[in-house]
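Engineer: Those protein sequences? They're chains A and Z, same order as listed. Position 12 (the first sequence) corresponds to 12 in this note's numbering; numbering is contiguous. To get this note's numbering, take the position in the second sequence, counting from 1, and add 118.
It is worth saying that the hints were derived from the structure and are not from the lab. Any given hint could be a false lead.
Stated by the list, open to error - DSS-like, lysine-lysine: derived pairs with alpha carbons at most 25 Å apart: (1) K67(A) - K96(A); (2) K129(Z) - K222(Z); (3) K15(A) - K67(A); (4) K15(A) - K96(A); (5) K222(Z) - K71(A); (6) K222(Z) - K67(A).
Stated by the list, open to error - Examples of chain A residues lying across from chain Z (beta carbon under 10 Å, computed): (7) D21; (8) H22; (9) H23; (10) F53; (11) D55; (12) G58; (13) I63; (14) D84; (15) I88; (16) S92; (17) A95.
Every residue, glycine too, gets a C-beta built ideally from N, C-alpha and C.
Here's the letter readout for the chains.
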Amino acid sequence: MGIQINIAGNALIAKPDSEIDHHSAERMRGQIDTAFDNSSCRHIILDFSGVRFMDSSGIGMIIGRYKNAEKRGGRLALAGMSDDMGRIFHISGLAKIITRTATVEEAKEDFNAGRGSI
Amino acid sequence: MNRVSVAMDSKPENISFARVVVAGFIAPLDPSVDEVSDIKTAVSEAITNAIIHGYPQGENNNTQGTVRLSLTTSECRTITIQVADDGVGIADIDTAREPLFTTKAELERSGLGFTVMESFMDSVTVDSTPGQGTTITLAKTLASPE
Ligand SMILES: Nc1ncnc2c1ncn2[C@@H]1O[C@H](COP(=O)(O)OP(=O)(O)O)[C@@H](O)[C@H]1O
Ligand SMILES: [Mg+2]
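Bound conformation, chain Z alone (with noise of 0.2 Å):
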């Protein structure tokens, strides 16, 4: 049993330190390799999505939020991240989930984040309320160690 909070600014320098962040805290469990780039990987998508669409860029840049990034080991070897955001939310997050959707074409955003958290990851869970902000848990057990 283990457990790491940490609360960042949403910018989005900060995507690389979520990744240093969990690679670190996931490290004494001896994870393979495939199972690190796996974890960083889904955890990148959460936060980029926490960062670029719970609080979106006004025109003058000025939206700021706090995005809290938490971790927790079990006796199990199950890890589980939650991402959470006090932004705009998701108003259907079925159609959100969805292969290829994006609201945020512009920014060359390929719809493919829910995709690639769920393709990597034992399981993904969204909570979203609109106008009050989104919360993403993500697990995944780990092999027993070689």
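Next comes chain A alone, as it looks inside the complex (with noise of 0.2 Å):
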């Protein structure tokens, strides 16, 4: 139980395995923010397809990762979310803001075609 963590050019993966709350949420932020810091990365990837369950914790957890890059002039992108995660996504207004996309390749693809290159 935990996250794993990896790197690929300007982008920082992280990959939840576990249910998504109050209590796990503070572990996982610990963990990328030390990672991110620690690179020079400028964009952050959430690979949410092992995630199971997110409560409200999760959209705080989102936000907070999402200013994150933000402050390093990168982007935040949401890979593999499914649509049971995803209605509460919807419900917190973030599907305006941050991009999903269906798998990691895919976030990466979009990164290079848009503002921020990898």
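Both chains are given apart, each in its own frame, so use the hints to dock them into the complex.
Structural biologist: Written as structure tokens, this is what we have:
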């Protein structure tokens, strides 16, 4: 139970593999922020393909990482989020500002095509 | 008709335990996958609030209390869930229920807990007295099984 973190070019890729609630989100954000601070990445990709549950703590966690990427002139993408979690994502209004892609590869392509290249 | 009550310490690790309890409680009613997900999410929000807002951590992390989770089902497939704390209470309930309102931005709270509960349940009732505590009552009627 935890989070897998990898770096691909200019993007930090974080893949939580457990349920996201207040308890687990606190640990996850610590690990992501430490890795991001120690890297020269600009973008963050959250790979949600292994997440089967999330409450509004997940929304707070996403917003916090979005702000960190923005501070470095980068962006945040959400990859592989299931439709079930997509509902809470829509309630939050984040769908308007955060890119959702089916896979991590698509998120990378999106960064390459968009403002910031990887 | 069935009833279950659980009392737990206000520890963040109990949030996932509460979800397991409620999922197990409703399982015999054969709810849909979406219904289970809605109810688990709403309970997660209410329990989180009791733990982090009802009993806010002091400087030496010593504020502890009890959170009570009570579950009932009726003949007509209505699930009623109460989450009660004896914590600080809510002075202005209407403001607290507004989307994006939070008093704990430093904990990366999004202020969407009540909004999520309202979206995923049929009804959400808040009873609170400052200095005495808060009781949240959530209800949802399950669709007929397929
Ligand atoms: N059980 C509670 N005890 C005291 N205050 C509460 C309780 N539940 C909610 N609140 C207050 O209502 C606000 C909004 O709650 P919510 O919508 O869940 O957002 P969040 O948990 O993200 O702050 C909280 O920030 C807190 O001030
Ligand atoms: Mg909340």
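Engineer: Which hints, by number, does the structure contradict?
Structural biologist: Number 17 only.
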